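Work the whole structure out from these sequences, hints included.
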Amino acid sequence: MSGQSSLALKEEGNRHFQKGDYVAAEALYTKAQPPFFKTHRILADPTNPLLYTNRAMARLKMSRWDSVIEDCEECLRLSSSTTHLPLKNYDQAVAYALEAHKICADTHDKSLAAVTSQVLKCKKERWEHREKLRKREEQELEGEVVEMLRREMDGLLKTTSSSGEDEDEEGRKETEKMYEEKIERIRAVFERARDKENQRRPNPPDWAIDDISFQVMVDPVMTKTGKSYERASIEEHLRRSETDPLTRTPLTIKDLLPNIDLKHACEEFLNENGWAVDW
Amino acid sequence: MPVQFAAKRLGKELNKIQNGLPPGIELISADNLEEWLLDIRVLDNNPLYLNDTYRLKFRFGQSYPIEPPEVVFVKQADRPIPIHPHIYSNGIICLDLLGQQGWSPVQSVESVCMSLQSMLTGNTKNERPPGDEEFVRANKQRPKDIEFYYHDNTV
Chain C
106 MSGQSSLALK EEGNRHFQKG DYVAAEALYT KAQPPFFKTH RILADPTNPL
156 LYTNRAMARL KMSRWDSVIE DCEECLRLSS STTHLPLKNY DQAVAYALEA
206 HKICADTHDK SLAAVTSQVL KCKKERWEHR EKLRKREEQE LEGEVVEMLR
256 REMDGLLKTT SSSGEDEDEE GRKETEKMYE EKIERIRAVF ERARDKENQR
306 RPNPPDWAID DISFQVMVDP VMTKTGKSYE RASIEEHLRR SETDPLTRTP
356 LTIKDLLPNI DLKHACEEFL NENGWAVDW
Chain P
17 MPVQFAAKRL GKELNKIQNG LPPGIELISA DNLEEWLLDI RVLDNNPLYL
67 NDTYRLKFRF GQSYPIEPPE VVFVKQADRP IPIHPHIYSN GIICLDLLGQ
117 QGWSPVQSVE SVCMSLQSML TGNTKNERPP GDEEFVRANK QRPKDIEFYY
167 HDNTV
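From first to last, the protein sequence lines stand for chains C and P.
Residues 106 to 384 (the numbering used here) make up the first sequence, in order.
Residues 17 to 171 (the numbering used here) make up the second sequence, in order.
It should be emphasised that the hints constitute simulated quantities derived from the structure, not laboratory data.
All clues stand as given, with none of them false.
Lysine-lysine pairs mimicking DSBU-like chemistry, simulated, CA-CA at most 30 Å apart:
(1) C:329 - P:24
(2) P:32 - C:301
(3) P:28 - C:332
Bear in mind that the values here come from a model prediction, so they are computed numbers and not experimental data.
Take a look at the structure:
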C-alpha cells in the first residue's frame, strides 16, 4: 500500500465521518493503517498520529470507549516517540490543549481540572524546548564572537609578521595579549548571564496563583467580590458548596465572570517563566 | 476529581511551608501526601497553655482542598491535648472551619494551624466540651463523619 492511497483512504474516511457514517469512517481509517506495521517496514504511513486521532473520533461517536483510549494512547506513543519535534508541534500541543479546555469550560465538564493541568504541562514543555533552543543559540553566538576575534587577531598578526625585527615581535605579543583578554572577557560576560539565569527562581507572584489549586491560572474567573480563581478549581468547589470561598455568601457557577486581563497577564508570565508550572 | 489535584496542591503547600511558617507553628513530618504532623504553641501568656506544645495530625483525602482535611490533636508523653470547651480529651476538635459546612478551599494547613492557635489564645475556660467523657468512650466515628452542633459560637 502506498502513502498516496493511505492518504486517499483517510480522506475518504473523513468524508464518511462528516456525513455521520462513523462505522464506515472507522473501517477506512483502519484500512489506512497497513496491518502488521509493527513488525514490517511498510510503504504507507503507519507513523501518522492523525490516523489514530481520526479513528478515535469515529469510535468516540460510536461510544466505543475502550477503543478510543487505545487509539489515543497509540497516537500519544507515536507523537512522543518522534524525536526532534519542531517547535510547531509544541505550539500545536498547546493549541489542542486549549481547545480541549474551551470545550470543557463551555460544557462545565468535570475533566476541566485535568485538562487545565494538561494546558500547563504543554506550556511548560514548550517553554523548556524554547529555552533549550535559546541556550544553544547563545552558545553558538559565543563561539562565533570568539571566532571573529581570533580571525581579527590573526589578520593583524599577519600584517606585522613579514619582518623579523624585535620591535615587531614585541607588537605581536602585545596584540595577542590584548585579544586573549578580550576573548576572556566575552566568555565571562556570557558565563555571568548563564549564572544569573540559573539563580532566578523565586516563587511565582501571588496574582498569578489560584488560591485553591496553588497553580498558575490558565482561565481565571472572578467572583462577585472581585477575587479571581482558576475556573476548574472554583467550579469544583461550587459543585460541592455554592458559597464564595472567602465570604461564604451564596455563589453559583453562573455568577462567575471571566477575568480576561488577568488571563492575559498569566499567559504572558507563563510564556516567559515556564518553570512556574512546577514551582 | 482527579487524584493529582490534592497531590499538586499539597506539594506546593509543602514547598511554601519549607520556606517558613508563622511563629509558634512547626512542621514535624510530611513524608507523604496523606498525613502530616505539625506542632503548635500559644504565643501569649494564657496560663492554660503556657509552656506547652501540642501535636496536630492532618489527614488529607484525594479531594483536598475541595474537601477539608481531618485534623486532630494527638497525645504523646510531652504533647498533651489542650484543654478547651471545643476540644475533646481524645484530641477531636469541634471547629466550624474543619466541618463540611465551614470549610473553604482557600484554607490551608498553615491557616488551619493559625486558626487553632488563635482559638486557644482566646480561650479562658478551663474545661472540656459537655459530655466529653461519654463522647470519648462511645465514639468510633472518624472526625469527618461526626455531626457537630455549633451550639456555642462565643468560644
